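With chain A fixed as given, assemble chain B onto it according to the hints.
So the sequence lines, in the order shown, correspond to chains A and B. Using the working numbering, read the first sequence as starting at 12 and increasing by one per residue. Using the working numbering, read the second sequence as starting at 12 and increasing by one per residue.
One copy or two, it doesn't matter: identical chains are merged, so the pair holds either way.
Below 27 Å or equal to it, Euclidean Cα-Cα: the simulated DSS-like pairs (lysine-lysine) are:
| # | residue 1 | residue 2 |
| --- | --- | --- |
| 1 | 352 | 101 |
| 2 | 350 | 95 |
| 3 | 101 | 14 |
| 4 | 418 | 281 |
| 5 | 229 | 19 |
| 6 | 418 | 19 |
| 7 | 350 | 340 |
| 8 | 418 | 27 |
| 9 | 352 | 95 |
| 10 | 299 | 42 |
| 11 | 255 | 22 |
| 12 | 281 | 27 |
| 13 | 95 | 343 |
| 14 | 380 | 89 |
| 15 | 340 | 95 |
| 16 | 95 | 42 |
No wet-lab data here; the hints were simulated from the structure. Just so you know, these numbers come straight off a predicted model, no measurement behind them.
There are 2 protein chains.
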Amino acid sequence: MRKPLNFKIEKEIPGKMGRAGVLTTKHGVIKTPAFVPVSTKATLKSLTPDQLESIGAQVTLANTYHLYLQPGDELVAKAGGLHKFMNWQKPLMTDSGGFQVFSLGAAFGSNVSKIAKRDEVQLPATFEQEDLKGRNISENFKPAKIDENGVMFRSHIDGSAHYFTPQKSIEIQHNLGADIIFAFDECTSPQESDHYQGRALDRTHRWAKESLDYHQSKENSERQALFGIVQGGRNEKLRKESAKVLGEMGAGSGPGSGFDGFGIGGSFEKEDMSSAVEWVNSVLPEEKPRHLLGIGEPEDLFMAIERGCDLFDCVAPTRIARNGSLYTKEGKINIINAKFKEDFSPIENDCDCYACQNYTKAYIQHLFKAGEILANTLATIHNVRFIVRLVDNIRESIINDSFENFKNEFLTRYKAN
Amino acid sequence: MRKPLNFKIEKEIPGKMGRAGVLTTKHGVIKTPAFVPVSTKATLKSLTPDQLESIGAQVTLANTYHLYLQPGDELVAKAGGLHKFMNWQKPLMTDSGGFQVFSLGAAFGSNVSKIAKRDEVQLPATFEQEDLKGRNISENFKPAKIDENGVMFRSHIDGSAHYFTPQKSIEIQHNLGADIIFAFDECTSPQESDHYQGRALDRTHRWAKESLDYHQSKENSERQALFGIVQGGRNEKLRKESAKVLGEMGAGSGPGSGFDGFGIGGSFEKEDMSSAVEWVNSVLPEEKPRHLLGIGEPEDLFMAIERGCDLFDCVAPTRIARNGSLYTKEGKINIINAKFKEDFSPIENDCDCYACQNYTKAYIQHLFKAGEILANTLATIHNVRFIVRLVDNIRESIINDSFENFKNEFLTRYKAN
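Same shape as in the complex, but just chain A (with noise of 0.2 Å):
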């Protein structure tokens, strides 16, 4: 069987579990670390893919849950798999669906759904506000329902009724086509008690290896690769068990045997995030790629890297951008503001992007004002070169051995709020 992916470490950061290495998928190379910006519904919001493409953008991400609904994976399969129905001919992911199930419902204050509610907890960003607004949908509305073989949710569209299995989510994900798919796992609250973390952890390996026998029964196992999602919340023994058992899962059958990578999963809160993070790649095998699912602020990239993630989606750079929030190395401004009037100087001097290479605040400010599309273009595109290259330039460091310079000489400087 060939491999759907190889994973190679160049560089560690010395003394720390850090480092830069290259992924080899079957659309080609993504030199880790990496920042995912993500296509929720097969286009980064407001981008054509050349334009994604000439921010340095190596990987995106789509949501399984959004295009199983809307346009449905079969129609995608149909038209040629997901790179060729988007135009995106470079690495692609697809998340499993899990996230989108629960967090929708999570949204409504349903207690059914196990995430806490968005403003007490620093819920990963994978998640579009937009798919709730003007969406006629009561107070009560209780999208999912858990049980031990899968997922009952109510499309958030049109109310219709689904039902999520591991089996399901993986086939879904292979009509879709992408190169790395992810486990169909439980994401649970922070705040759920130890009891439910565990029942919920024994469902999500249960899950994990349902979608890993899936996979590897079928052909797709060798061009799409497979990610076990790790989860146990906030506690220790539970998360370290859950890197343990994935780590494991279907290893030793062979050569690249079991997961070809891991994600890390959950809803974090920001001072539990780092020693989750560590928790869990003290334990999983040093040679596979992780990812930490729905995170990318600057200071949660640098705190990531260092403890041996290799690749971040999150929806922020985007959303916040759509609302005039802009990047900058002394933290983020918004353009709205009325200091930028007349402010003819780019977001950033030094910035390449096309944004900054070709406008002023004041023609971007105008162009917000004026509710005008363009507003979310070039900031999207400044938002998502910063974070894209703010990951390339900590890699460039792990590569020259100066990591620890880079992330002071940034911190000090960048402001996070």
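Okay, now just chain B, sitting in the frame of chain A:
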């Protein structure tokens, strides 16, 4: 005094007034006839200037009314002018603001305004419906009030009062700095009485003279060309009189004196348009370029080009694109139609646009259903490319002495709707 514009006729349609020419501005050449996509608020909605250039646009037109209100023409001047502000280094036009001042009035049914309701006549589509959407403006809002010196109007954004005179319009257009600007005029409804048309026309001619005198008193006239706007409704006598008065205005005071070209304005009923254009162009000086304002449907383009018009601007291709209505050689299609759900062919098989080269109807329908911005971008690229290329092809047919063949072939196939 250097001339801001040079126009050379290369070839004429035998026995007709139509011609192919080359218009040279301070920012480069426009091969005519040419379609001028509209960048209302200093951006062609949903495209970057790079995308606009890549679909063959030679020139774009921005709206004085909109830019005066936001971000303000003085701000644009401080930014270094509109070319620099919006990052468009090719030829650029601005209109006089007159049409918007009147049409934004008419849209609320005010009898102060002289343009009839949109559903009664075919209005030049230089006006964005979106401007009115979501605005909390009462039915009785009467934004425009004409007197002999100018027009008092209220901003559609915040209701603030403003007064445009010919001098004010030219001042604003000097601040914006486009290569081709227009004299301030009164755009009347074709349904007005001849008596009113006559009075309005006198005003338009007096305003044209004031525009011309003010323009020529400034250095800007060395780099910005001024077009006068012919009016006169559906009345042959008035139309011809207007063409004569404007054609001779300021002429004879030296080579290249008078207006640098002419706009043909007015709100046409479809059946009146061809006679109005014919009347006007039979009188206007042949050696100067003529811009038919607000017209851009394929059948109208053939009609106007063979009657001697050189330039056309229209928001229709971009506006209908955002509703999913797409040009094909057989007529318009609506991409949302159920029959395209699994249609994995491009909008047009032989179209050279980015959308057709890279995407299927099924994908574009998916983007529209999902409310994705890329839907607008791809639809706009296709429609603007369709119209720009059509006019380019008409030009080529004039050069090759095959205009009649090309016209018959195209119009036999194309079903206007």
